[in-house]
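2 protein chains.
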Amino acid sequence: MISQTEENYLKAIYKINEREGKSVNTNAISAAMNTTAASVTDMIKRLADKDFINYEKYRGVTLTTEGERVATALVRKHRMWEVFLCDKLGYSWDECHDLAEQLEHIQSADLVDRLDSFLGKPKFDPHGDPIPDREGNYAKRQQMLLGEMALGDKGVMVGVQEHSTAFLQHLDRIGLVLAAKVVVLEIFEFDKSVKIKLNDTMELLVSSKVSENVFIKIG
Amino acid sequence: MISQTEENYLKAIYKINEREGKSVNTNAISAAMNTTAASVTDMIKRLADKDFINYEKYRGVTLTTEGERVATALVRKHRMWEVFLCDKLGYSWDECHDLAEQLEHIQSADLVDRLDSFLGKPKFDPHGDPIPDREGNYAKRQQMLLGEMALGDKGVMVGVQEHSTAFLQHLDRIGLVLAAKVVVLEIFEFDKSVKIKLNDTMELLVSSKVSENVFIKIG
DNA sequence: TATAATTTTTAGATTAGTCTAAAAATATTT
DNA sequence: AAATATTTTTAGACTAATCTAAAAATTATA
Numbered sequence: 690m691i692s693q694t695e696e697n698y699l700k701a702i703y704k705i706n707e708r709e710g711k712s713v714n715t716n717a718i719s720a721a722m723n724t725t726a727a728s729v730t731d732m733i734k735r736l737a738d739k740d741f742i743n744y745e746k747y748r749g750v751t752l753t754t755e756g757e758r759v760a761t762a763l764v765r766k767h768r769m770w771e772v773f774l775c776d777k778l779g780y781s782w783d784e785c786h787d788l789a790e791q792l793e794h795i796q797s798a799d800l801v802d803r804l805d806s807f808l809g810k811p812k813f814d815p816h817g818d819p820i821p822d823r824e825g826n827y828a829k830r831q832q833m834l835l836g837e838m839a840l841g842d843k844g845v846m847v848g849v850q851e852h853s854t855a856f857l858q859h860l861d862r863i864g865l866v867l868a869a870k871v872v873v874l875e876i877f878e879f880d881k882s883v884k885i886k887l888n889d890t891m892e893l894l895v896s897s898k899v900s901e902n903v904f905i906k907i908g
Numbered sequence: 690m691i692s693q694t695e696e697n698y699l700k701a702i703y704k705i706n707e708r709e710g711k712s713v714n715t716n717a718i719s720a721a722m723n724t725t726a727a728s729v730t731d732m733i734k735r736l737a738d739k740d741f742i743n744y745e746k747y748r749g750v751t752l753t754t755e756g757e758r759v760a761t762a763l764v765r766k767h768r769m770w771e772v773f774l775c776d777k778l779g780y781s782w783d784e785c786h787d788l789a790e791q792l793e794h795i796q797s798a799d800l801v802d803r804l805d806s807f808l809g810k811p812k813f814d815p816h817g818d819p820i821p822d823r824e825g826n827y828a829k830r831q832q833m834l835l836g837e838m839a840l841g842d843k844g845v846m847v848g849v850q851e852h853s854t855a856f857l858q859h860l861d862r863i864g865l866v867l868a869a870k871v872v873v874l875e876i877f878e879f880d881k882s883v884k885i886k887l888n889d890t891m892e893l894l895v896s897s898k899v900s901e902n903v904f905i906k907i908g
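Chains as they are written, first to last, in the working numbering: chain A, 690 to 908; chain B, 690 to 908.
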C-alpha cells in the first residue's frame, strides 16, 4: 500500500524533474511540499525502501520505473477529474485544481478509465495540460511561453505554467483565457512586459509575470 | 479539522443508533469499525473533546447536534456518489459502495450540491436508500421487509438492509433487483423461506437470509 | 586549498491512530 | 449478595508523518 502523502511526494518529484530535467534535491522537494528538509529526508528513505525512487545520500533522487508509473497515473487522474468538474459540474478552471488534488487519490482499478469514456476521451484538461493515457504516455505540447514569442507572432492561448488560484483568476479578469487569439504587438525589454492584440479586437499590456506563465500554440 | 477516521467513527455511531435506537456502546463500535475496544475508547475520548459526541464512561455514546450533522452529510455524499457511479459510469450496485466509501470524504463546500443538480436531484440511491437533503433530513421509507409481508401481499422491490457485495451479487443472480414486482405466494414457517411471483412471470423460492434483508414497498 | 556558506542528514520529540495485556467497572448467574 | 462473566478502560508500545536543533557533507569563495 501507498499512502496519500507518499503519492504526493512522488508527484512533486515527477513535476520538479519534468521542469528541471535532472536528479531532484531535498530542498526543492521541501519547497514543493511545504515541509522541512528533515521531513523530506525521512520520506525519501521510505520511498527508496519501497523502490519508488533511486536515492543516494546528498545526491538527490530520481524516480524508478514504478515511481514514474505511480506519478503519471496521479497526473492522469488529476487532469481527468478536472475535466469532469469543469465540463459537467460547471466549476471554473481556478476552482477545480484543489478538488482534483483530493480526487486524484481515490483508489480504483478502472474508475479513471470509465471517467475517460464518460467524458468523451478528452486529450487536455481545462488548463490546456495534456492527459496521459493508461500507459502514462502523453504528447508534450507544441507551444511556447508568451514571453518567448517574437514581434508579430500569432497564436492561441493553450495553457498555463503556474496553476495558482490567484493567477488563474487574474487571467480571467484580463480576458486571457483558454483559446483566446493572441498577436504580439510590442515587447518592452525594460520590464519584459508585452503588448498583445486579443481576439482581434482589443489591445492589452501584460506583465512579465503573465507572459512568462502563459503557453501559446503558434500558428 | 476532522480526519477521515473520525468521520468514519461518527458514521458508524450514527448507523448503529439508527438501527438500535439507543446510546451506542464500545463493543458495537469496535465491531462496526473492525478495531479493538481499546482503540474505540481512545477515539471516543477524542470525539467527545471535539464535541461531536456525548460520552459517559462505561455508559456508551450519543451524537451531538454537530456530530449528527457530520454523519448525515457523509450519508448524503455517499449516496449521491453512488448514484453518479451507477447512473453515469455504469457501475453495478454491488461495485459502487466501496468507491463511495472513499468519495464521501472529499472535502468541499458545494461539490455534493453541484452533483445533486447534475444528477437531477435524485431522492434515492441505487440500493433504494433515501438521500438526505442539505439539512440532513430524509423521509424514512414506506416499506417493509419481504419476510414481514403476509400471504397475497403485492409490492415492488425498493432496497436492501444488508449491503455486502456477496448479497447484492446474489440478488442480481436470482433476478430480485430494484423495481422488481413481487407477490407473496407461500410462506414456509419451517425455515422462513418464501415463495414469490417475480415480475408477473416466474415463481421464485427465496431463503430467510434474502427475505429478511430485502425491502418491499407495498401497493 | 583552506574557510565560509549552503545543503542535507541525524537525533530526539510530537501527534494520530492503532495494538496487546492487564486492571477496573458493570452485568449476570447461582 | 457473592461469585462469575462480560464490557470497558487504562497502561504501555508501535508506525507514519511531521517538527526543531545540531551535526555532517558538499559546494562556493577568497
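The hints are simulated quantities; they were obtained by calculation from the structure and are not laboratory data.
Hints should not be assumed to be uniformly reliable.
Note that identical chains are pooled: a pair holds if it fits in a single copy or bridges any two copies.
As the list claims (entries may be wrong) - No more than 16 Å apart at the CA atoms, straight line, and that leaves these computed lysine to aspartate or glutamate pairs for EDC-like:
no. : residue 1 : residue 2
1   : K777      : D799
2   : K777      : D889
3   : K906      : E875
4   : K734      : D889
5   : K812      : D783
6   : K884      : D842
Please read all numbers here as calculations on a predicted model, not as lab measurements.
A quick look at each hint next to the structure:
1. When the C-alpha separation of K777 and D799 is checked against a cutoff of 16 Å, the pair qualifies only between copies, where the shortest distance is 14 Å, while the shortest distance within a copy is 20 Å.
2. Taking CA atoms no more than 16 Å apart as the test, K777 paired with D889 passes in neither setting, with 30 Å inside one copy and 40 Å between copies.
3. In the homo-oligomer, the alpha carbons of K906 and E875 never lie at most 16 Å apart, since the shortest distance is 18 Å inside one protomer and 72 Å across protomers.
4. Taking the shortest Cα distances, K734 and D889 never come within 16 Å of each other, neither inside one copy (54 Å) nor across copies (65 Å).
5. In this assembly of identical chains, K812 and D783 lie within 16 Å of each other by CA distance neither inside one copy nor across copies; the values are 19 Å within and 31 Å between.
6. Proximity of K884 and D842 under a CA criterion of 16 Å is satisfied intra-copy only: 12 Å inside one chain copy versus 78 Å between copies.
In summary, the structure is inconsistent with hints 2, 3, 4 and 5 from the numbered list given earlier, while agreeing with the others.
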